[in-house]
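2 protein chains.
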Amino acid sequence: MKHVIIVGGGFAGLNAAKILGNKKDIRVTLLDNHNHHLFQPLLYQVAMAALSPAEIAVPIRRILADYRNITVLQDEVTGVDLLQRTVIARECSLQYDYLLLACGVKHAYFGHEEWEEYAPGLKTIEQATEIRRRVLGVFEEAERTSDCGRQLRHLTFVIVGGGPTGVELAGAIGEICRYTLAKDFRNINPRQARIILIEAGPRILPSFSVSLADEAARDLAALGVQVRTSSPVTGIDSQGVQLGLERLEASTILWAAGVEASPIGRSMGVETDRLGRIVVEADLSISKHPEIFVAGDLASFSHGRTTPLPGLAPVALQQGRFIARNILRETAGQARRTFRYLDKGQLATIGRSKAIIELGRLRFRGLLAWLVWVVIHIYYLISFENRFFVTLHWVWSFFNFRRGARLIINKEWRFYGKKTAAGNKDA
Amino acid sequence: MKHVIIVGGGFAGLNAAKILGNKKDIRVTLLDNHNHHLFQPLLYQVAMAALSPAEIAVPIRRILADYRNITVLQDEVTGVDLLQRTVIARECSLQYDYLLLACGVKHAYFGHEEWEEYAPGLKTIEQATEIRRRVLGVFEEAERTSDCGRQLRHLTFVIVGGGPTGVELAGAIGEICRYTLAKDFRNINPRQARIILIEAGPRILPSFSVSLADEAARDLAALGVQVRTSSPVTGIDSQGVQLGLERLEASTILWAAGVEASPIGRSMGVETDRLGRIVVEADLSISKHPEIFVAGDLASFSHGRTTPLPGLAPVALQQGRFIARNILRETAGQARRTFRYLDKGQLATIGRSKAIIELGRLRFRGLLAWLVWVVIHIYYLISFENRFFVTLHWVWSFFNFRRGARLIINKEWRFYGKKTAAGNKDA
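Which chain is which? The protein sequence lines are A and B, in order.
Residues in the first sequence are numbered from 1 upward in steps of one, following my numbering.
Residues in the second sequence are numbered from 1 upward in steps of one, following my numbering.
Because the hints were derived from the structure by calculation, they are not lab data.
One thing to keep in mind: the hints can contain errors.
[As the list claims (entries may be wrong)] In silico DSS-like cross-links for lysine-lysine, where the CA-CA straight-line distance does not exceed 25 angstroms:
#1 B:Lys2 to B:Lys23
#2 A:Lys18 to B:Lys183
#3 B:Lys18 to A:Lys183
#4 B:Lys344 to B:Lys106
#5 A:Lys344 to A:Lys18
#6 A:Lys183 to B:Lys24
#7 B:Lys2 to B:Lys24
#8 B:Lys123 to B:Lys18
#9 B:Lys2 to A:Lys183
#10 A:Lys23 to B:Lys183
#11 B:Lys123 to B:Lys106
#12 A:Lys2 to A:Lys18
#13 A:Lys344 to A:Lys123
#14 A:Lys24 to A:Lys2
#15 B:Lys183 to A:Lys2
#16 B:Lys344 to B:Lys18
#17 B:Lys18 to B:Lys2
#18 B:Lys123 to B:Lys344
#19 A:Lys344 to A:Lys106
#20 A:Lys183 to B:Lys23
#21 B:Lys183 to A:Lys24
#22 A:Lys2 to A:Lys23
#23 A:Lys18 to A:Lys123
#24 B:Lys288 to B:Lys2
Start from the sequences and build out the full structure, keeping to the hints where you can.
Structure follows, in structure tokens:
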């Protein structure tokens with residue numbers, strides 16, 4: 001009986017677990033510090049109040065309930081003892097025969113971790129609800145105040161980072177201001193909000209072709225989003241962003257400017273790349289440790305490529321499945337294979353009915369691309385229940401521009417504890 | 001132009017606002033410290049992971065968006081200046097011609113406010129998500145630990161208070177343990193969880209007839225809930241409940257044992273009853289202040305009754321509408337009327353397909369009562385969108401025993417900030 005430990009219940013870990021589920025002579029323990037698998041590509045829709053957290057997140061143990069050889073533990077892994085072949089978590093230590101590390105990345109603030117408080121990133125449900133609270137909260141604050149300077153600051157949204165996430169967030173805020181909230185206020189006009197997408201490099205969406213990126217920029221402009229390229233951020237505080245000598249006053253700043261790997265790789269002393277990702281062999285194992293595999297955003301795979309594979313869901317999914325199949329092959333006495341990525345292309349969406357898609361030489365945009373995007377995302381949503389409700393919710397909001405989850409939920413749950421209305425923090 | 005200020009966007013405040021919306025010579029400001037109206041009767045379903053917050057909560061300003069004479073402000077009212085006819089909130093002060101106070105009640109811990117931390121009540125979305133986090137979290141903890149004593153404590157749920165809310169919570173936890181989670185764990189058996197409903201008085205559901213309450217107790221027993229009557233709680237801490245000399249070890253304690261009015265009545269120096277509710281005249285105004293009305297849970301109305309009207313949604317709804325109509329009547333030069341409550345009966349639900357209903361001499365229970373309960377609640381859910389999705393969600397979970405919102409969402413949203421897995425607090 002071989003014990004496989006999987007760290008992380010994202011696309012890679014979950015898909016590996018499914019392949020290993022109910023297989024003879026295999027026992028699996030999956031550790032994650034959240035109880036849910038998160039459909040990350042739609043997380044920005046939770047932040048933008050279009051979907052509820054439960055619509056894109058499913059308890060990992062429910063997904064795996066029917067595989068009797070899999071145990072799911074909610075726990076946080078803090079280290080790996082390579083010699084003892086032991087995973088050390090906060091609440092337990094477990095020995096493995098095979099280890100799959102798939103605990104992903106977090107936001108990188110390039111040495112300015114103090115910026116995170118003012119400019120949250122978007123990787124977890126908690127961060128998404130925090131962003132929702134902030135975005136909806138500033139409209140409430142702007143409606144309450146009669147001070148023009150504060151109103152302007154509250155109605156300025158800065159998104160740092162011009163990759164797909166930044167573009168999606170900026171487009172969604174543009175839509176909220178133009179359509180969703182248009183009629184709801186008396187003292188302010190949400191259509192006059194300023195939305196500024198800041199990119200340090202020379203253009204947005206650098207991983208896409210120039211022509212598609214230009215078209216995305218035009219679509220953003222139509223939603224009222226200003227794009228500023230070649231503008232590295234030099235400072236962030238609670239009231240705005242510094243771009244060299246220029247200052248942008250803004251109550252809401254969102255961070256979509258870069259990621260770095262989970263610290264686990266560095267803590268293990270194995271080879272990592274510039275972003276902290278673990279460098280892997282052609283079979284996704286670690287050099288000199290054939291019993292340890294790495295998959296998803298945490299892996300730096302560059303065999304036969306000029307740059308490592310990007311941190312996309314299809315990469316993670318294919319790698320998770322591949323590793324699980326290699327483990328099965330090896331326990332059955334067969335030789336391992338080497339990983340080959342089947343390119344699924346890349347896409348980004350801009351608002352309610354526009355998207356761009358690039359797959360090799362195939363490029364398209366507009367409503368058709370958006371429909372392809374919708375179909376792909378619904379197809380991959382992991383459980384049927386969620387797929388069903390998310391589809392309904394989308395169809396619904398497509399036709400009426402509403403957002404069903406416009407809730408400002410305070411962090412404080414107590415009544416006696418000095419709760420304050422959300423967003424009063426800098427009043 | 002008369003300015004009507006409404007404090008509170010619950011059933012009373014919102015229904016008053018709708019009557020006053022788009023009426024000539026009336027201007028309305030509605031203040032609430034949340035941005036959403038909450039369909040309180042279904043709040044326990046959010047706590048029990050069956051519904052998402054957004055399915056029972058709708059932004060107040062969206063509901064009222066089409067009434068151009070209504071301004072909605074998210075702000076917390078701290079006092080009323082009776083002489084200056086001014087409402088004082090954290091961010092603004094506003095003068096009124098008419099004032100409607102409808103800011104409800106909060107949980108009362110009978111002088112033991114320190115118990116709240118260990119035994120949260122259920123009045124807000126924040127509290128509901130906290131309860132969900134705790135209930136789901138202890139199963140994760142029990143699965144992780146191999147210490148039998150801790151496992152037993154983690155799998156013991158104590159609900160304090162045998163009114164409708166306590167009965168609904170206990171029944172829902174019974175169902176989660178028996179059906180929803182039954183297959184999901186490897187080290188624990190959720191069916192063996194202990195669920196204890198504690199009531200200080202001689203029987204549960206004291207507002208219902210003895211025969212219905214007895215039948216509810218039998219339904220609870222069938223779901224594995226132990227009922228303990230005549231058991232006043234004398235102490236609560238993070239690991240259990242003290243009942244006189246007896247000690248119950250439990251990681252999860254929920255409070256459904258009593259409410260007291262918002263402190264606004266006492267702060268104004270007007271007549272209040274034992275629970276802090278404002279004593280009102282037959283037209284729901286305050287003695288000597290015909291320009292101030294009180295509605296809903298905050299009002300103590302006992303004209304022609306032996307006890308004040310109970311804190312039920314139909315009471316609040318009827319009072320809110322009545323007050324708005326009286327204001328319209330008076331501004332049109334007509335005389336005020338006096339309030340009469342049209343009794344809608346009372347109901348409570350026990351688990352997935354059982355309920356009890358009592359309306360005068362009409363009493364029924366079981367599946368039929370539950371279907372009536374479902375229809376009534378869906379009918380009253382305030383916006384069509386929510387009604388639609390909640391219905392679907394219910395139908396869905398009725399047939400597969402699933403709970404669509406089993407998410408443990410941490411309070412901390414930061415990545416660098418030392419987040420811990422939910423529920424590690426007493427590890």
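Check the structure against each numbered hint from earlier and tell me which ones fail, lowest number first. Violated hints: none at all, because every hint is consistent with the structure.
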